[in-house]
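Chemist: Could you put together the complete structure from these sequences and hints?
Heads up: the sequence lines are chains A and W, in that order. Residue 266 in this note's numbering sits at position 279 of the first sequence; the count goes up by one each step and never skips. Residue 515 in this note's numbering sits at position 510 of the second sequence; the count goes up by one each step and never skips.
Among these hints, one or two may not hold up.
Selected chain W positions facing chain A (in silico; Cβ < 7 angstroms) [claimed, not checked]:
{"#": "1", "residue": "S46"}
{"#": "2", "residue": "P125"}
{"#": "3", "residue": "N130"}
{"#": "4", "residue": "T204"}
{"#": "5", "residue": "M225"}
{"#": "6", "residue": "N253"}
{"#": "7", "residue": "S260"}
{"#": "8", "residue": "S263"}
{"#": "9", "residue": "E426"}
In case anyone wonders, no lab produced these hints; they're calculated from the structure. In this text, a Cβ means the ideal position worked out from N, Cα and C, and glycines have one as well.
Residue strings, one per chain:
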Amino acid sequence: MARYICKRLIISVITLFVILLVLFLLLQFMPGSPFNDQKLSPEQVAQLKEKYGLDQPVIIQFFRYIGNMMKGDLGVSYSLSPNTPITDLLVNRFPITMKIGFFSMILGTVAGLLLGFLTAFFKSRILKFFYNLLTLIGIAVPSYLFAMCFSYFIGYKGEMLPLLYDFRSPFSSSIMPVVAMSLGVMAVIARFAKTEAGDVMKSDYVLLARCQGLSNRTIIMKYILRNSLMPVITVMAGLLVGLLTGSLVIEQMFSIPGVGGLLTNAISANDYSVVIALSFVYSALYIVVMLILDILYCVIDPRVRLGGKPE
Amino acid sequence: MKKKLCIVLMCLLMIGTLGGCGRLKTVEQEISISLPGSPVSVDPQLVNDTNSGFVASFNTACLYGYDLNKELKPVLAESVEISDDGLTYTFHLKKDLKWSDGRPLTAADFVYGFRRLADPDVGSNSVYMLTDSCTVKNAVDVTQGKIPVTELGVSAPDALTFVVELETPCPYFCALVTMCNFAPCNEDFYHTVGKKYATSADTILSCGPFIMDRYEPLAMQIHFKKNPYYVDADIVKMSGVNLQVVANAQQALMSYESGYLDITTISGELADLAVGDPELQEFPTASLMFLDINHRTCAALKNKNIRMALTKSIDRNSIVKNILKTGNQPLARVNPPGYYIEWDNKDFSGDPDQYKEQAGYDPQKAKELWEKGLSEIGESAVTLTLLYASGNDNLMESVKQQMEKSLPGLTIKLKSAPSKEVYETQTKGGYDLLFTGWFADYADPTSFLALFNSSSKVLGYNNPDYDKLYDNIQTFDATSSFKKRDEMMHQAEDMLMNDAALIPLFTKGQAYLIRNGVTGFQMTPTGVGCIIEELNKEVK
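Modeler: See the structure below:
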């Protein structure tokens, strides 16, 4: 497995390098410059470009950027927050986005698994009704609509929770965004969990286990849950990356100081260095999550052998 | 049993997460204000946008400032002496001025602040303040890196005296230095924190009414506490201020109504809902929103009658009433009303109908001028491209319809683009008509008149007679006769309106909801900054 991980890491580095190069080239086609200000003269714009090294050929900019990146320097913002090191921007904002994304994931997963498995195990009509209702709404309704409803009924009419994220009460002001973002996750996970558990319950080995006289509890815990989790984990990885990179609309609505809106703002402000740094971090995050996912497969299902020869 | 268990589990799942949270806590003697967007920078010399300017007004003080009646008043300066030629300003600072950490604030801090603004290594987008808004001695060469910043025409003969040398007279210089770009900066502190200057609450010093005690770059929430060392600390009543960035207007309104915010901006449809509410207050801004005419390349627009016909075909009142709504005012001239008071205490733009003949809505007259213009250029139909930044679709559609309705043979092609693309096209001159706007940095008509000077980097208007008159205004020593200078500025505006150099549309305003019991909130004459030191909130 160590060899497989090494191979994956090398491929990841090459992928990131290619992503950066493509980004550098694509950004050259964007109209305007980071210094879109009517009040700046062409000389002043030229000076600013020189200050940030934007007057040099793209390829030189690219390798200089890679060199700095090796030293942990992602550059400074040009126009969104002039002269601010991008690492500072990310260090301040990523933890909040990750915290909210992480809790949404946990809440959504736990709720989804419970809902899915319970519906699969107990053939209750009420449970089935709840399952259908919640998964249908969770999948069909976008999270910002939940956020709007929560804001209006719970925050504004009920005055139970803050309408805006407040550093003085981070827990209570995170509840609405976390719940709003977790409902979609819950619905997806619940559907997968129920379908998989249903399939596994009909499988031969479960039938055999029952014939052997194993208790219901043992069958569920040892056979059904473990085998139904595999596809659920695959879905979770994609959802997790989505949640960790932040939701533009949810963050804007609740004024959460996260990274959700940063990339869009950076693109519209032509803040090249922020666009590149964020894309790099997002890509790296995705690659890491996928790698962890592969390792998790091994842990959950010992039959999976990564990169090795079949035994 | 199983059923009951399932139901209980489901209910717990859905509502359990919402429990355990009490009502919102409010902190007494604090005021919460919404901001529509994050500040780009809180480094006073880098401030270049409205949100940053708003934030800076809490922890920055300058030589001069405004009181609640919008009257200019010395803040960190005690008095000023202006030389006979109007080129040297000697500011005498108040005694015992201190920074928020208790260190003395001296004239050397102003010298360093001005030099930072000019320094090309700092790279401030507001550098035009020194080179265009006024012309500080050597500023052009310093900002271009040709000579060292120490050559900039500012000096501190002693700790309480700060001297600025100008290249041309600038009668509004005291009003100009109310801008936070001209705030002092302590050199020792700046070198101590280095590149991290003004990127967190620990890396910035305050000389204003409040101290920033919570901030991070592109913050969504900024917190201030009262500055005990502020020169006018006695009049500061609030112990703290919370600025909350709320990008979603609906969320801002709900937060205001639920009591979390005390002051919030409101616009568009939501502002309509608040009309008649005693807590709704409108503040004008010194702004000119207009259609820029491409005089350089478009043959039809080189004809004055055609330009004037376009101007007179627009019903500005109807546009403001039906589309722009609360806060905005129709404008049929270059200078918006209410921001510049003349030598005889009259508003420079007090008469909204002064240019009725040149720009007032008159479809009949517009048609006559249009037909005359068409015959002069030998055309029967004209097609013009109107470029605008995305988000103004309804407004531009309405302008198009009005123009086409009044002027037979005119076709307006609307073209929207992201604002950065519009800006790039504007500098290259690739448009016929372009919807743009300008906000005055300082309370003087030259803020707007400068746009039409042929050396302006913004518009392509070229009129040698106008250039000559504008240069005369710029070099005229107003201290000899303010009346004469005001007259010259009126002449300049007359010249632009008579020549239909632009198509003015409206002037922007800002509507706020201010909670009953909150006092001491005012906007500066230009409407781009706010006056907050006397903010107060009655605790019920």
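Chemist: Now tell me, hint by hint, if it's right for this structure.
Modeler: Here is how each hint holds up against the structure:
With a cut of 7 angstroms, the hint placing W:S46 at the interface with chain A holds, because the nearest CB-to-CB distance is about 6 angstroms. Among the interface hints, the one on W:P125 holds; its C-beta lies about 5 angstroms from the nearest C-beta in chain A, closer than the 7 angstroms criterion. Because the beta carbon of W:N130 sits about 5 angstroms from the nearest beta carbon in chain A, less than 7 angstroms, this interface hint is met. Contact between W:T204 and chain A, as hinted, is supported at the beta carbon level, the nearest pair being about 5 angstroms apart and thus within 7 angstroms.
Checking W:M225 against chain A by beta carbon gives a least distance of about 4 angstroms; that is within 7 angstroms, so the hint holds. This hint holds: W:N253 has a C-beta 5 angstroms from the nearest C-beta of chain A, less than the 7 angstroms allowed. Taking 7 angstroms as the C-beta cut-off, the interface hint given for W:S260 holds, the closest approach to chain A being about 5 angstroms. For W:S263, the interface hint holds, since its Cβ comes within 7 angstroms of a Cβ in chain A; the closest pair sits about 6 angstroms apart.
Taken as an interface hint, W:E426 checks out: its beta carbon lies about 4 angstroms from the nearest beta carbon of chain A, inside 7 angstroms.
Hint compliance for this structure: no hint is broken.
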